[in-house]
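There are 2 protein chains.
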Amino acid sequence: MNRRLSTISRKEVAKLAGVSEATVSRVLNNVGPIKEETRLRVLEAARELGYVPNALAQRFARRKSGNVGVILPFVPKVHLFSTYYFAEILSGIGEAAKACNYDLLLIFREPDSPRDYAKLFRTQKVDACIVLGAQNVAEERAALAELQEEGYPFCLVNQRFDEEGYLTVDADHESGSYTAVQHLIASGFKRIAFLNGPGAFSSSGDRLAGYERALAEAGIPLSEERIFTGNYSRKSGFEAAERMAERIKNKAIDAVFAANDRMAIGLMDGLREHGLEAGKDYGLIGYDDSDSSRIVSPKLSTVSVPFYEMGRRAAMKLLATESEEMENTILPVQLLKRETT
Amino acid sequence: MNRRLSTISRKEVAKLAGVSEATVSRVLNNVGPIKEETRLRVLEAARELGYVPNALAQRFARRKSGNVGVILPFVPKVHLFSTYYFAEILSGIGEAAKACNYDLLLIFREPDSPRDYAKLFRTQKVDACIVLGAQNVAEERAALAELQEEGYPFCLVNQRFDEEGYLTVDADHESGSYTAVQHLIASGFKRIAFLNGPGAFSSSGDRLAGYERALAEAGIPLSEERIFTGNYSRKSGFEAAERMAERIKNKAIDAVFAANDRMAIGLMDGLREHGLEAGKDYGLIGYDDSDSSRIVSPKLSTVSVPFYEMGRRAAMKLLATESEEMENTILPVQLLKRETT
Numbered sequence: 001m002n003r004r005l006s007t008i009s010r011k012e013v014a015k016l017a018g019v020s021e022a023t024v025s026r027v028l029n030n031v032g033p034i035k036e037e038t039r040l041r042v043l044e045a046a047r048e049l050g051y052v053p054n055a056l057a058q059r060f061a062r063r064k065s066g067n068v069g070v071i072l073p074f075v076p077k078v079h080l081f082s083t084y085y086f087a088e089i090l091s092g093i094g095e096a097a098k099a100c101n102y103d104l105l106l107i108f109r110e111p112d113s114p115r116d117y118a119k120l121f122r123t124q125k126v127d128a129c130i131v132l133g134a135q136n137v138a139e140e141r142a143a144l145a146e147l148q149e150e151g152y153p154f155c156l157v158n159q160r161f162d163e164e165g166y167l168t169v170d171a172d173h174e175s176g177s178y179t180a181v182q183h184l185i186a187s188g189f190k191r192i193a194f195l196n197g198p199g200a201f202s203s204s205g206d207r208l209a210g211y212e213r214a215l216a217e218a219g220i221p222l223s224e225e226r227i228f229t230g231n232y233s234r235k236s237g238f239e240a241a242e243r244m245a246e247r248i249k250n251k252a253i254d255a256v257f258a259a260n261d262r263m264a265i266g267l268m269d270g271l272r273e274h275g276l277e278a279g280k281d282y283g284l285i286g287y288d289d290s291d292s293s294r295i296v297s298p299k300l301s302t303v304s305v306p307f308y309e310m311g312r313r314a315a316m317k318l319l320a321t322e323s324e325e326m327e328n329t330i331l332p333v334q335l336l337k338r339e340t341t
Numbered sequence: 001m002n003r004r005l006s007t008i009s010r011k012e013v014a015k016l017a018g019v020s021e022a023t024v025s026r027v028l029n030n031v032g033p034i035k036e037e038t039r040l041r042v043l044e045a046a047r048e049l050g051y052v053p054n055a056l057a058q059r060f061a062r063r064k065s066g067n068v069g070v071i072l073p074f075v076p077k078v079h080l081f082s083t084y085y086f087a088e089i090l091s092g093i094g095e096a097a098k099a100c101n102y103d104l105l106l107i108f109r110e111p112d113s114p115r116d117y118a119k120l121f122r123t124q125k126v127d128a129c130i131v132l133g134a135q136n137v138a139e140e141r142a143a144l145a146e147l148q149e150e151g152y153p154f155c156l157v158n159q160r161f162d163e164e165g166y167l168t169v170d171a172d173h174e175s176g177s178y179t180a181v182q183h184l185i186a187s188g189f190k191r192i193a194f195l196n197g198p199g200a201f202s203s204s205g206d207r208l209a210g211y212e213r214a215l216a217e218a219g220i221p222l223s224e225e226r227i228f229t230g231n232y233s234r235k236s237g238f239e240a241a242e243r244m245a246e247r248i249k250n251k252a253i254d255a256v257f258a259a260n261d262r263m264a265i266g267l268m269d270g271l272r273e274h275g276l277e278a279g280k281d282y283g284l285i286g287y288d289d290s291d292s293s294r295i296v297s298p299k300l301s302t303v304s305v306p307f308y309e310m311g312r313r314a315a316m317k318l319l320a321t322e323s324e325e326m327e328n329t330i331l332p333v334q335l336l337k338r339e340t341t
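Just so you know, the protein sequences line up as chains A and B, in that order. Going by UniProt numbering, the letters in the first sequence line up with residues 1 to 341, in that order. Going by UniProt numbering, the letters in the second sequence line up with residues 1 to 341, in that order.
The set of hints was computed from the structure by calculation and includes no laboratory data. Where hints are given, some of them may not hold.
One copy or any two copies: either way a pair holds, since identical chains are not told apart in the list.
Here are the simulated SDA-like pairs of lysine to any residue, each with C-alpha atoms no more than 20 Å apart in a straight line [said to hold, decoys possible]:
#, residue 1, residue 2
1, Lys15, Thr229
2, Lys15, Ser236
3, Lys190, Lys249
4, Lys249, Asp116
5, Lys299, Glu273
Required output: the full structure, derived from the provided sequences and hints.
Quick look at the structure:
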């Protein structure tokens with residue numbers, strides 16, 4: 001389907017409607033929030049000029065899709081919606097979508113398949129799109145760059161590409177991580193291990209920076225041997241226990257900061273099999289304030305992240321006509337002291 | 001948009017394509033799974049006859065929506081995706097949708113708004129649709145009846161309308177409830193209260209039937225005073241504690257069967273405030289085998305329901321071409337004995 005009008009027709013339509021060519025494009029391509037009055041004026045001008053190609057005639061006849069797309073990572077057998085992180089963000093997006101009278105189109109992205117996000121707009125499946133779990137890898141960057149170039153409205157949640165001008169809603173993970181480690185230090189721990197997630201997520205980099213800052217400020221030397229990497233799954237936390245147990249027993253590690261609660265809880269379970277109890281034999285702090293962190297025994301100290309609000313804000317930026325500014329947002333996080341520290 | 005062709009053209013197209021009129025309708029309306037070869041044959045015949053109205057011409061030019069719709073109840077501020085029940089069913093639907101190359105369109109249904117499900121098909125937003133949290137109320141019945149009459153493919157999950165011929169994937173809640181109560185009786189409990197959900201859900205009726213059967217079999221008289229109703233939320237379980245606490249203390253109730261884990265956990269919390277501990281001062285069994293039921297302390301005895309598989313099956317019935325039978329499925333559930341019984 002032909003996305004663009006010829007320059008001539010667009011210019012003529014713009015002139016008659018008394019708007020810019022860019023506005024005409026946005027209306028004809030159904031991209032971005034636009035005042036209903038402007039939209040009607042442009043469509044009327046296009047009709048009056050009889051300059052509307054057939055493909056577009058169809059589009060006029062139809063309402064825009066009415067869908068906001070949410071691109072999600074897909075991992076077979078993983079119950080995606082049952083993870084606190086995605087469940088909360090999606091709930092927030094859903095709340096905003098409902099308020100703005102949009103439906104939610106979920107698109108599962110397979111890890112190794114090509115990422116043609118722009119196609120979702122070209123085929124009119126979505127009017128705007130939110131990308132969750134984006135990673136700093138080549139295909140992702142290319143797919144996002146294409147969206148940006150084509151002027152399609154999209155927003156990233158919990159992932160920044162600082163060098164690009166992408167619309168983003170993030171949380172202040174550097175400060176959250178700093179506060180968590182500072183709390184461990186204040187509780188008397190000195191040999192604090194860090195179980196981080198993969199580096200392709202900006203939040204992992206942010207948390208590493210916060211960890212380093214807290215140690216530096218307390219004059220504790222950074223030791224690469226205390227930095228571990230998991231993949232944010234409970235299993236990867238459980239497996240990290242194998243690598244940490246002996247070193248906790250011989251006091252080379254006295255506390256752990258885990259980059260999310262799932263890994264922290266997996267680690268707790270794993271270390272328990274070695275006879276080590278969180279809050280007794282070692283300090284432990286997680287990250288996210290998931291439901292599980294509140295229910296697990298002992299209750300997990302953690303950092304609360306407003307995932308629901310992040311999702312809601314991202315959707316409001318894209319869908320609401322006036323209420324939200326189209327600029328980046330970084331929301332604050334909050335330390336929650338419980339039984340493991 | 002005109003959904004139907006005139007009888008003449010449909011008949012002619014059917015004759016030329018060598019298929020039934022019903023098949024022609026299904027192809028032209030983009031309804032239901034259909035062999036690609038058949039679809040092409042029908043479209044070709046329609047084109048050859050030059051008998052294709054304009055609205056349909058557009059549809060031919062476009063691929064079908066490629067979306068499977070999921071209709072969900074919407075309650076403001078409730079983090080829907082964070083409830084185990086919906087999260088699991090949606091994960092299963094997502095898995096099947098991905099396998100069949102469909103995207104998931106989530107449509108939030110407000111409790112008191114009109115339910116025009118057929119419009120989703122008329123406006124080509126979806127090719128098939130799954131209804132979650134359907135209730136046996138007048139508007140719901142009317143909306144589903146319209147889908148059925150128009151021949152749009154849809155499937156209900158965890159809700160039956162026995163008198164109608166709707167495609168359904170359910171679990172055997174009568175037997176699950178029976179087994180749960182039987183287990184309480186076998187553990188020595190005799191004055192077993194039942195905290196059920198609202199009667200508009202078939203699962204509530206099924207569980208009541210199972211509760212009654214187990215009591216009858218054990219010769220325990222049914223007492224209306226031991227039957228309580230919540231709304232499946234944790235809060236409603238917490239509130240039920242107020243109505244039960246005194247009666248547990250004076251032994252008028254010695255155990256509770258709650259119709260889901262959320263209510264059971266809320267009840268546990270509420271009764272704890274009255275100094276009553278599950279598994280010690282009273283027996284308690286929940287239903288669902290949610291993540292929380294495994295993590296809470298004491299660990300909650302419960303009945304495991306294959307929600308993920310129910311969602312997956314429903315989507316496969318609608319989307320897969322050959323693998324699943326288009327008939328109703330009732331999946332088995334399983335008793336899990338833990339620390340509260």
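Hints the structure fails to honour: Going through the list in order, the structure violates hints 1, 2, 4 and respects the others.
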